[in-house]
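These protein sequence lines are chains F and U, in that order.
Under our numbering, the first residue of the first sequence carries the number 16, and numbering increases by one thereafter.
Under our numbering, the first residue of the second sequence carries the number 4, and numbering increases by one thereafter.
These aren't lab readings, by the way, just hints derived from the structure by calculation.
All C-beta atoms in this analysis are idealised placements derived from N, C-alpha and C, irrespective of residue type, glycine included.
Be careful, since some hints might not be right.
[Claimed, not checked] Computed cross-link-like contacts, DSSO-like style, restricted to lysine-lysine with a CA-CA straight-line distance of at most 27 Å:
| hint | chain 1 | residue 1 | chain 2 | residue 2 |
| --- | --- | --- | --- | --- |
| 1 | F | 20 | U | 41 |
| 2 | U | 38 | F | 20 |
| 3 | U | 113 | U | 38 |
| 4 | U | 332 | U | 291 |
| 5 | U | 177 | U | 201 |
| 6 | U | 177 | U | 84 |
| 7 | F | 56 | F | 22 |
| 8 | U | 177 | U | 75 |
| 9 | U | 291 | U | 354 |
| 10 | U | 75 | U | 38 |
| 11 | F | 22 | F | 117 |
| 12 | F | 22 | U | 41 |
| 13 | U | 201 | U | 75 |
| 14 | U | 113 | U | 75 |
| 15 | F | 117 | F | 34 |
| 16 | F | 56 | F | 117 |
| 17 | U | 38 | F | 117 |
| 18 | U | 43 | F | 22 |
| 19 | U | 43 | F | 20 |
| 20 | F | 22 | U | 38 |
| 21 | U | 354 | U | 43 |
[Said to hold, decoys possible] Some chain F residues close to chain U (C-beta under 10 Å, calculated; not the full set):
| hint | residue |
| --- | --- |
| 22 | 49 |
| 23 | 68 |
| 24 | 69 |
| 25 | 104 |
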Amino acid sequence: MSATKQKRDFVVAQLEDLKERERIVVDADGTEVGLYFYADKVRAWSNVCPHSGGPVCQGKMMPRTVQLVVGDRKSGGPGFHPTDRNIVCPWHGFEFDVLTGKHPADQRVGLRSVPVRVEDGEVIISI
Amino acid sequence: MSQMTGLKSDEGLVRELAEISGRTDTRDVLAHATKQAKEKFDDYFIVDIDAHVSEDQFWGEVLELIDNDVWKQIGMDQFDKFAGNNALLNISPGLSHQSVGGRIGHQGRKEPVEGTEGHPFVTAAKRGMDAMGLDYQVVFPSAMLLLGMHPQEEIEVVLGRAFNRWLTEVILPKNPRLKGMLYLPYNTPEVCEELVEKYADHPGIIGYTVCSTRNNPVHSDVYTRLYSLIEESGKPLAFHSGYHWGDPSFAQLNRFLSMHALSFTHYNQIHVTNWIINAMPERFPKIKMIWVESGLAWIPFLMQRLDHEVLMRPSEAPGLTKLPSEYMKEMYYSTQPMERNNMELLEATMKAFNAETQLLYSSDWPHWDWDSPSTITDLPFLSEQAKRNILGLNAARVFNLPTDRMKPSAEQVLQERPGIS
Ligand code: FES
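Chain F on its own, in the form it takes in the complex (with noise of 0.2 Å):
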């Protein structure tokens, strides 16, 4: 059998805040969580990029980029995406969809998720 870590529930922050301001990034204990609030769903992912462990949660949040196409399958040059939003990492760019936590080129690279929930107003995670 093996030793396995008791998970922890940590109160990282208030509902009503994370709506506010979609994004806030904390250290729980020596733990790096980014804490997402958009399309009214909560999402929490570590804040360890799988390109090269940095701090994906700390970059920009952006629109999602998508090529636009127009008339004769033409390019109608680059476009942000009207709802879909992005995690940038700010150590070399990688993106990831801020709801599903997948890279747009390539779905197998994705985010780790942390277990979130809300109760009484509270965003906890258990990690």
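Starting from the structure of chain F, add chain U with the ligand where the hints point.
Showing chain U with the ligand alone in chain F's frame:
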């Protein structure tokens, strides 16, 4: 360290981390690299053979050292007025694209150094070295990487001379962990010769760099005296690759990523091809050649292409006594930006040129596609000894550096960082 606002419990155990930007302290930007160092390579001897810090912020200091009165006056006037940190330079449009519109947050460092003693460049460089667990770092100018394409050769000469003075008089004496590769204004061979003669014995100058982005054939007879001097000095000659969006082939590419992906390998492929096909390794067998910032994937490509052609057309490469790939195995290469999405291909690539003895770690910090030392320690197919060689021991041999520990412990760096981000 900021505490969470509005928390009802767990206060003291939970703190907020700020967004990373160009103003964030390097030790905070790189805190995860320091944690990697603590876990994986704190006891490794590490040499970063190519980093840039952000010398553009000190461009005025370089311009002040120009030895021609007129160019100095014109440069300072440009610096004070419209050109700023690009004064006298031939900046191409690509440079401003590096951060992808600010998405790569650390790019464009404006290090906060208020309240610290010493030169701000040296302070920023020390923070970067400490945070990545480096014992030594070779710093090289970013903005000058395109100077080989400058239409005014005399500008390359005056800036090259001024930069070398700034490096050897202002920066290197301040920290023995910082080392320099002399900038060679390669469009003017006689000045390169003069500079090699002048600086060959400088303790901080551990080699010479030619910026690869240029159209000079490296086998030209105008360089033979220069190569003899370099060979005699025993210090290596590096070709540092770069890009040039104005090159007609690359002008077809509409995105920075396309142009960047191809041009950084292109210029060094041309120079390696000319160097080998013209039998320069036979004529200058003792020069240690280093090919910088082209990544690794191009190496087995070029080995195969050149071997294939030389076998069919040996009369066009009559000076060779062995295949091009054999000469390429005797050259040195820097790691960054190391392509690492396919481990099988990377392993085969490293085997092709004997990475265990020929590969030198480089970070390219603080450019957008920099690599931390963990890019090497994380490779599943390398032996422990190969990792140590690539990260520092090969460089110690090539540059004749002592291997005593020069850096603080990763734990100490983590404790002393501001800890805001
Ligand atoms: S570590 Fe995140 S993009 Fe490289």
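The hints, checked one at a time:
1. F:20 - U:41: holds (22 Å)
2. U:38 - F:20: Answer holds: residue 38 of chain U to residue 20 of chain F is near 21 Å, not above 27 Å.
3. U:113 - U:38: holds (23 Å)
4. U:332 - U:291: Since the Cα atoms of residue 332 of chain U and residue 291 of chain U sit roughly 12 Å apart, the hinted pair holds (cutoff 27 Å).
5. U:177 - U:201: holds (21 Å)
6. U:177 - U:84: Status violated; Cα separation ~31 Å.
7. F:56 - F:22: holds (23 Å)
8. U:177 - U:75: holds (25 Å)
9. U:291 - U:354: holds (20 Å)
10. U:75 - U:38: violated (45 Å)
11. F:22 - F:117: holds (25 Å)
12. F:22 - U:41: Measuring from Cα to Cα gives roughly 24 Å; hence the hint holds.
13. U:201 - U:75: Answer holds: residue 201 of chain U to residue 75 of chain U is near 22 Å, not above 27 Å.
14. U:113 - U:75: holds (25 Å)
15. F:117 - F:34: holds (22 Å)
16. F:56 - F:117: holds (16 Å)
17. U:38 - F:117: Holds, because 25 Å separates the two Cα atoms, which is no more than 27 Å.
18. U:43 - F:22: Roughly 25 Å separates the two Cα atoms, so the pair holds.
19. U:43 - F:20: Holds - the C-alpha atoms of residue 20 of chain F and residue 43 of chain U are around 22 Å apart, at most 27 Å.
20. F:22 - U:38: Since the Cα atoms of residue 22 of chain F and residue 38 of chain U sit roughly 22 Å apart, the hinted pair holds (cutoff 27 Å).
21. U:354 - U:43: This hinted pair holds, its Cα atoms lying about 24 Å apart.
22. 49: Constraint on residue 49 of chain F satisfied, holds at 9 Å.
23. 68: Since chain U brings a Cβ to about 5 Å from residue 68 of chain F, closer than 10 Å, the hint holds.
24. 69: Interface hint status for residue 69 of chain F: holds (6 Å vs cutoff 10 Å).
25. 104: holds (8 Å)
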